[in-house]
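Letter by letter, the chains look like this.
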Amino acid sequence: MTPTSVLRPLLVSAALLGASNLAVADSLENFDALAEAARGETVFFHAWSGDPTINAYIEWAGDEIEARYGIELEHVRVTDTADVVGIVLAEAAAGRETGGSVDLVWINGENFIALKDAGLLYAPDDEGWAHRLPNWDVVDVAGNPSLTTDFTVPVDGLQAPWGTVQFSFYYDSEEIAQTPTNLDELLAWAEGNPGRFTYPQPPNFLGSTFLKLLLAYTIDDRERLGAPLPDDDAEAALAPLFAYLDELHPHLWRSGRTFPANQAALRQLYGDGEITIGFANNPAEASGAVARDEFPASTRSFVLDDGMIANSHFVAIPANANAPEASLVVANFLMSPVAQLRKQDPAMWGDFTVLDVSALDQNVQDGFAALDLGAATLTPSELGPAIAEPHASWLSAIEAMWAARYQGG
Amino acid sequence: MPAWLRLAPGATIALLIVPVAAGLIAALLPAFGYFPPLGGVAFSLDPLRDVLAAPGIERSIGLAALVGLLSPLVALALTFVLLACVWDTKGLSAVRRMVAPLLSVPHAAAAVGLAFLIAPSGFLFRLISPDITGWERPPDLLIVNDLWGLSMMAGLVAKEMPFLLLMALAALPALDGSRRRMVMASMGYGRGTGFFIAVAPQLYRLIRLPVFAVIAYASSVADVAIVLGPTTPAPLSVRILEWASDPVLSTRFTAAAAALIQMTLTLSLLGLWMLGEKLVAQLWMRFTTSGIRSGGGKFPRAVGLTVSLLPMLAIAFGLALLIIWSFAGRWRFPDTLPAGWGLRAWEQLGGGAMELATTSLVVALVPTIIAAVMIIGCLEVEHATGRTGGNRSLLILYVPLLVPQVTFLFGLQFLGVVLRVDGLMASVMFAHLVFILPYMFLSLADPYRRFDRRILQVAAGLGMGFWRRLFQVRLPMMIGPILTTLAMGIAVSIGQYLPTLLIGAGRVPTLTTEAVALSAGGDRRALAVAATLQALLPFVAFWIALAVPSFLARRRRGMQIR
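Just so you know, the protein sequences line up as chains A and B, in that order.
With the first sequence counted from 1, adding 1 to any position gets you our numbering.
With the first letter of the second sequence counted as 1, position 223 gets the number 215 in our numbering; the numbers rise by one all the way through.
For the record, the hints were derived by calculation from the structure and aren't laboratory data.
Treat the hints loosely; a few may be bogus.
[As the list claims (entries may be wrong)] Coverage of chain A stretches by chain B, computed from C-beta distances (three or more under 8 Å per stretch; other residues unrestricted): (1) 83 to 95; (2) 203 to 217; (3) 229 to 237; (4) 259 to 273; (5) 337 to 344; (6) 365 to 373.
Every residue gets a Cβ at the ideal spot worked out from N, C-alpha and C, and that includes glycine.
Please work from the sequences and hints to get the whole structure.
So this is what it looks like as structure tokens:
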């Protein structure tokens, strides 16, 4: 009897039991055996589904995974990832330690931290798994710190990187000749063009990111953002940010008396011509919208000179997942060169890769070089320096002060 | 009547009480800080304090109260004005035909359509720009999301009117309008005044329960509020959702406490409304005995018709815009119509749409039929025993409509996970059953109770047993109300978003979950496609509910609906 033939029935029965982290941990060293054992399983992938192009990409990934590994990928439609966190929490509260309904979740930031802090993420033999997957070797760990530190919290291999984004503004080049390069110019532009700029209302994700960008530009020392914000210091540290907002708000859309709800609403305002400058976390969003006739063809992008907020998004496996082994296989495929190349193609999605392109095979490198990102998308070099996400305590303080100041009615 | 049928009311009450009780406990305990799975091990008032300390919370509560009282009031008033104008005329059947399609438009889709219509970048402004206004850009006007919730109330009025109209139209035949009209006319009363004196008071009594449901709904609605309501601050329901979906777990206690406040608010509004009823009843008596006979002229009638039809026309227009959007290519302000057309949005949803539609229909049909059987069982027992259960059973019926959905569902979801039945289609159907049962009961109870007993007595006298009386006399004669009730069940089921998502653990995708997921993404065209399909199913159901009875009654004049 060969070692594998001993291992296989073990793995199969482990998969059937669905609760043997130890066997999986051993087999993470032998990915092929793991993939073989997971054949025939179904992975319920909970992923935000607000964009038909992304949904189509996930469908493609499902077909590939089915063909390569015999694993079925079910895309569970999600409006807000916090709902998925709720499902995992409810299951934990009910004492369901195995056979959970979420196998894999598209996640980052606050939601990841919530699950990590609650200890509800899959960790075979109490260790992360992402860095033990075969495709981790080509991940751009050195060049992109946000792949290992998510909103200042160490990832610890508890989620596998899927894509990376950097905040950028989009604007109508027929309306604006000279785009702002810093906050003063942005304010001056808003004064000269009343009602033509706004941001989604915090605590919406995109609106909060805009405030974090303002924070990075108004704080006396950016280094402070990596550490927690002391409670007694919040008022003073955030004073310049709110002084700026106080000046900006009267010139915003609807004079800052109401704000769009989210990214979608902001996009619609721009598409309807109500505002002239918008922004997105994904630098490819504007090009995609142009291709769908949502935005005018004259749409272009710009960034401020001193860098823009960047972050990454991941896939994670809840501790009680029904098919953790198969989920590992899916996570590994999602960060494979072939999947990442297709994902960066604006026609397919346009989400930037987490891989170190220079470490890949020449033909894949050529594939990345040949991608037409679209006129409204900046190239990675034009995007300029990345600003890391500040520690979560800064955002909590900003959101609380924002609500107290502008939501009082 | 067979003895086992007597179990029907008990079974129905259990069905409503058990999941709701679980939901309530899961809402009440954390509201007072106790919920060990989330780390709350001691009772405290902190969550309530947190809610009351939240910025702008007084305004959020005030908005919920304002919307919860004003929009039902306006909807009811307009419903009566419209009925007064068309009562006992051919216009009544025109209104009847109009109601079903409007009712079947999902709330979220209707709200989006209305926003397309009235926003500064919307259709109305495009019509007059730039020729009249000179605007090349949408004007910077605060119309949608206005601070007083006016556009939100407009949206709610427009969606509540069809519901109230449907209920009123179902109840109206029982009042024998033609004869009342003749009596009133013989005493010199015009059509309008005659309606308000001879029909309106009794009609109101018949649709009082639906009005209560509307108040409860309007004061706690979330999806319409998200699209059309104010945001600085938002009405209470939206803030509950925000707290409930915050990844920081401790805010779930805040959400539970806010949900408790929401429930108290809704109950208070109902109490306030009942006080108002007494006051209005007094004024009405004075008006009735005052001898005023005017108000039937052509001019007031035209004004009444215009005003009362306006909200529903807006919804219809919004829906048409939604459909146009689903085929639109480039469509920039101030173009009145799209500059290009395309099928891209329809192709993208593609073959998946059929699958989604099938799931939606199956998930709607099964609980609807179960609910219909249970309700008829209850009403038969009531008929045989003469006991209606009074206010107590009424309150039980209302519990699912009074507890804010999001809180109630956390409990249901919890229950589903404990019993390991989450994510199953059967569980979703069960959750839908809990939500559609009250609406269907409200829809069927009054027509059922008003059924002329003498017909059944004659049937019994002719030797017909219980089942034959039921299946050969009563149910065929009540085919109209029964089909309307079934259509109501299907429409309510298809509109259910949170139960489908939470109880189904996202594994039972329907047209509604797809539409709401897309509305979070902002591709207006894709949203328009999903919303159009979502509106189509209930539309067909209501159409059948109207077409079949008229077909069956084509040779029976007494059964014809006028």
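Status of the hints after comparison with the structure:
no., hint, in the structure
1, 83 to 95, "holds (count 12)"
2, 203 to 217, "violated (count 1)"
3, 229 to 237, "violated (count 0)"
4, 259 to 273, "holds (count 12)"
5, 337 to 344, "violated (count 0)"
6, 365 to 373, "violated (count 0)"
In summary, the numbered hints that this structure violates are 2, 3, 5, 6.
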